[in-house]
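There are 2 protein chains.
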Amino acid sequence: MGIIGKSEIRKDVRLKVTGQAIFVDDLSFPNMLLIKVVRSHSPHALIRSIDPSLAENVKGIVAVLTYKDIPGANVVPVVLMDQPLLAEREVKYVGEPIALIAGEDREAVEEASRKIRIEYNELEPLLDPLMAMKKESPKIYGKDNIFSHHKIRRGNIEKGFERCDLIIEHRYTTSYQEHAYLEPQGMIAVPYEDRMLIYGSMQCPFYVQNAVSHVLGLPYGQVEVIQTTTGGAFGGKEDVPSLVASQAALVAFRTKRPAKLIYSREEDIESMSKRHPAVIDYKSGVTKDGYLNAVEVEYLLNAGAYSTLSPVVLWRGTVHAVGPYKCPNVKVDSYALATNTVPCGAFRGFGMPQVTFAIESQMDELAHKLRIDPIEFRLRNILRKGDRTVSGHLIKGNMELERTLREAARIGWKGEKRGSNGYKKKGVGVACNYYGVGLGAEGRHLAKAGAWVNVLLDGSVNFAVGTTEMGQGMETVLSQILADELGVKYERVSMIPTDTTRVPDSGPTVASRATVMSGNALIEASRPIKRSIRGVAAKMLKSPRAQVKLKDGYALAGAKRIDIDDVIGECFKEKKLMSSQGWYKAPHTSWNKTTGQGKPYFVYSTGTNIAEVEVDMFTGEVMVKKIIAVHDVGRVINPQTATGQVEGGALQAVGYALFEDMISWRGKILNTNFSTYIIPTSEDTPQIASVFVEDPYPEGPFGAKGLGEQPLIGVAPAITNAIFDATGIRIRDLPATPEKIIAELNSHR
Amino acid sequence: MGIIGKSEIRKDVRLKVTGQAIFVDDLSFPNMLLIKVVRSHSPHALIRSIDPSLAENVKGIVAVLTYKDIPGANVVPVVLMDQPLLAEREVKYVGEPIALIAGEDREAVEEASRKIRIEYNELEPLLDPLMAMKKESPKIYGKDNIFSHHKIRRGNIEKGFERCDLIIEHRYTTSYQEHAYLEPQGMIAVPYEDRMLIYGSMQCPFYVQNAVSHVLGLPYGQVEVIQTTTGGAFGGKEDVPSLVASQAALVAFRTKRPAKLIYSREEDIESMSKRHPAVIDYKSGVTKDGYLNAVEVEYLLNAGAYSTLSPVVLWRGTVHAVGPYKCPNVKVDSYALATNTVPCGAFRGFGMPQVTFAIESQMDELAHKLRIDPIEFRLRNILRKGDRTVSGHLIKGNMELERTLREAARIGWKGEKRGSNGYKKKGVGVACNYYGVGLGAEGRHLAKAGAWVNVLLDGSVNFAVGTTEMGQGMETVLSQILADELGVKYERVSMIPTDTTRVPDSGPTVASRATVMSGNALIEASRPIKRSIRGVAAKMLKSPRAQVKLKDGYALAGAKRIDIDDVIGECFKEKKLMSSQGWYKAPHTSWNKTTGQGKPYFVYSTGTNIAEVEVDMFTGEVMVKKIIAVHDVGRVINPQTATGQVEGGALQAVGYALFEDMISWRGKILNTNFSTYIIPTSEDTPQIASVFVEDPYPEGPFGAKGLGEQPLIGVAPAITNAIFDATGIRIRDLPATPEKIIAELNSHR
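Protein chains in written order, with our numbering: chain A, 60 to 808; chain B, 60 to 808.
Since the hints were made in silico from the structure, they are not lab data. Backbone N, C-alpha and C fix where the C-beta goes; we use that ideal spot for every residue, glycine too. Among the hints, erroneous ones may be present.
[Unchecked claim] Calculated pairs, DSBU-like style, for lysine-lysine (alpha carbon to alpha carbon, straight line, at most 30 Å):
(1) A:K644 x B:K601
(2) B:K632 x A:K644
(3) A:K634 x B:K644
(4) A:K644 x B:K608
(5) B:K598 x A:K652
(6) B:K658 x A:K598
(7) B:K632 x A:K455
(8) B:K548 x A:K315
(9) B:K589 x A:K589
[As the list claims (entries may be wrong)] With the C-beta cut set under 8 Å, the calculated list includes, among others, these residues of chain A facing chain B:
(10) A80
(11) I81
(12) P89
(13) Y251
(14) D253
(15) Y279
(16) G280
(17) Q281
(18) D517
(19) N521
(20) S553
(21) I555
(22) L636
(23) M637
(24) S639
(25) W642
[As the list claims (entries may be wrong)] Chain B regions said to be covered by chain A (calculated; three or more residues, Cβ under 8 Å):
(26) 79 to 86
(27) 508 to 514
(28) 622 to 635
(29) 638 to 650
Start from the sequences and build out the full structure, keeping to the hints where you can.
See below:
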């Protein structure tokens, strides 16, 4: 009985269900100020003047701060350093922060926020990314409004299309998606002696440390960032907390008092990052026997007013633009474009749900045109061991896409799923995807992680890592890895909440990288400790060290065994090293910016989703009945948390596919809470059959690859393909709202 | 220009002089309770009943807790585990804790503490250690009231005395000494999710972790102890904070609220540990040419009601009982005895000031009887390289006592210091001492230390150690060691406040061990980081790695140099390991309990003090005019902090020698504040000439040994020897108050 592969109870579950978990808004400090952010009401304007005097006179107001009060750099550092913490002379989107009001209570800051006087000269806003591409459009970033451009050049695209028997070409568009984390953004900054302590809800404490340190002009060594229990993130707490923390830190620095900033839901939805809306033009050509021969893609992201993580979101989408398929002739051009809208950023899938919707719709259309079964058509084209991706990456193994496809088809492709049920029509759709685990070549400088393991005198074990628990189950999975590695019981292991002063900068907690990166660093950290324990156990068991095994709370040699706590006690008597740090660097990756060729990721997870839907032909409503989600993520450490990831990802994708429709007017988002921005509820939850095809990845901890984002990526096209299967209607614009379906049905009647 | 040996500005000075330093009483947490300890008014009684009802009914009172509320073990774990956290059926000293009252404010807990009803059956107290030794005395510990007994047997004591030409025999007694730290004891316990966080003033966070974990029955991994800025300790915050923290933790655990406990000065003096009063019988014999041939010692410590650290305090005194002298025939018996008085414990010098007073008085008497100059007499007997201590420890080097003696004599022995000035008589006295650095053989399981070093992207450097800054300058000295080792500027290095979850258990911060132990661990931690930096610098400088030096913020190779921050930036790009943990174990020590022979310490610091006094023959008042303090502590890392240690230690010893006279009646201390317990002020401060004889210790960081305790140890006998020199009066009972001097003068008239 090992610990790996067992559904141990989540480490965070007891605290969360009993209400003992401390979220940032549960924390307070004596003498703490509350902060309100004053934001732009205009999508594009010059600031003529800011008059804080009336606001300052409100009783209980301690400070009204603008960019002039920033002691360091007025920047939120991400990739391009183009975003100010507080606007100086220009505002570029509705919701852009202009001033910070700090006061003794909520009423005071609310009143003062209404009394601050800001005068603008309105400018014409640039709202559409297609407009932003045009030569004649006004420029709000650089000379061309392009934050970033990536490309892939493989084979010869013109000749490739010449040899095709069938070519189709379509435009696919997708909308915003809101992260809808349970807990909105929040931070507390506490001046403590000569350091600035930051507590808050976040994915990436080291990003926050970097930002606060830039904004305050403090050395990194004087900024400590401590993650509080974090109520969901989904990428929405990757870069954005840097902004929130810097706002709180600026107030704390200037007032020398603790300062708390919690965003309201409306403020959060209006001004925080979301999934990028995309416009994707696809042209695909196949031979008549069903082999992809040429694909040409133009992929545009509406990045919003500042670049944030758009260059890397765009890059991931670019790399995966042709899906998990072989294709000898490929041309991809992708652009992240500046507009006067809310900056978009990281979101589970990171640029891939958009392209996956497009390519998998395209694959379905090709299959139908060729009259080849969509499963069969994919089987002819998918990547297998020995193939090269469209980036020229030779797959040497750990690519079990075929097994996921065959397994999904076996469970859910044939049978009674199609046909009509009165005015309701049923259909089934399939979509495949692959997912480069980790940051890949464009983030390779961050592809490292530290871990610290400390075995204590009573046999309890603490560990610290630089990645974060945000509800995804990392703490649980890492505790299992460490417990198994050390041979102690799972119950004895506990994680110290992540902060920046316990392990070296371990990069962000994104890109499904926590298990592989921190897991490997933990295994590395355990080595010298295991040496100590095994050496002492060998003496106690009077057995050769090589025969000693550590397992489930015992040291064993042949038939002899002793309690590992006794061995640990003896290790302490002998002053053995019982604490150690581990350091893990990801395997090599590479990327040629001119050709888009290289080894962009070190390994890929893969998956196939089959969706079964029922379309109400009168209302246009789509009910997803079942999702069969078969994933190849290497070894599964904890089946229950893995299944949780799949169920959550699939449901989030149901929302993306069908409901989540963000409405804006002149750059202002109108549906800023969950009464108007509709996310799936339990009512909308299909049966989700989650299956794992296990194929241990030798470089991963106990064979694990990474899972976090993958469950969401391929679900939307499986649903829209099922809608086509049921109704013959092809949805090329997400979400597939009833209005769009009715309109399409009407146009076909 | 290196950093070692330079008087860099203390790291803690800016925060302390500007008032920004946060002491435990400056900290508060929302919803925090205040605690008052209900204590025994009787030195010895059975508790008949405790009635908390009236106390509980006081408005604002949240809990009244007794031993019944302790979820774990009712013990304050130190050496013998004999002390309860809260008395159960018996109280053994005035001030013993019985109950804890927790309430919303100070007034409520004060009122409730007056309303709790405790009924006693009084028992006869045992107050005198000489009584405690007697067979017929009542027993309050074990069968014989002896907490601990140590001995040394060397040569043949009877034959040794037979061959002596002169034998003297005297009893020496010493009184309590109060630590008189600026900041009294204080702790805050904060329940945080499933952990208990302890903030407070302390020397030894790992002791506190152990204690809280025992008392609450929690795994070590769920107790985190964080040291706040600590306003002095001197040994008084070695074991005692375990008690204070456990009291606060019990309240926090039971009420699920943060709980603060700050002792008042009176409570602190009444109930906290102090230097043990001692009764020391010395018999010494010399040959007529001035060589010690036999010494017999019986050394009794009044340990008080519980053993605390008495067994190890006693052991250190035992090892050093004959002073830094050769002697072929030695018999030492020492006893720590239980009485119904306040438990005594660790105090700078740890059992050595008592025996050093005795042996150095004895040496002076012998010299005078032999008509040999006291300096000359000592020169004939002191330990040098190649000699063996009375424990048989062969000194292979790093024993520069002779140089300290000759240097002190050169500065201050001859000249106009003797004679009369009207009714004031002047005299000069000398005393030598040696000091085993670190915990020694009786604490060898704790003789280990960890350190963590983290170099950050901007070139700032954080480090964490398990030992503590308590005003002695450790943070400064360790920052210098680390800066020099890494070649970065001193200003870039900062220490993260010590807590138990950053490095492995590194033992206590006592026994002048912080510099050697944590310094060596830091050097160890720096190695892999230096490798990273030098490797990258070699590439950047296009020089062989072996030629690259890191110094003062530069990487240098021959005439070429680059800013080390640039090298560090490049290291980050290459994902080099820039953070590491170090682990240091002290060299081997040994001790035979039957013979007192072995290698009790791995190295010794040594020193000579010469005191110049003026005695007012009418009032008996002694003014110490000058102290010449020459110390051999290996290499001096920071001359200014080292001098600070010497000045502070010398002045604390002036108090010990002359003023600090604790008065008790039936076990109750009567002078519980500084209006009645007199410590030296600036008025009483002599000129202190601090000189260091440097002799680098190869095992120490940059050659350092250890300094903290040594400056206090040998000063009192130098003063009393000077009083003899001035007046012919031999003081054998400390402190040498005017009353005692007048009485002696009268008895000689």
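- prompt: Hints broken by the structure, by number, lowest first?
  reply: none
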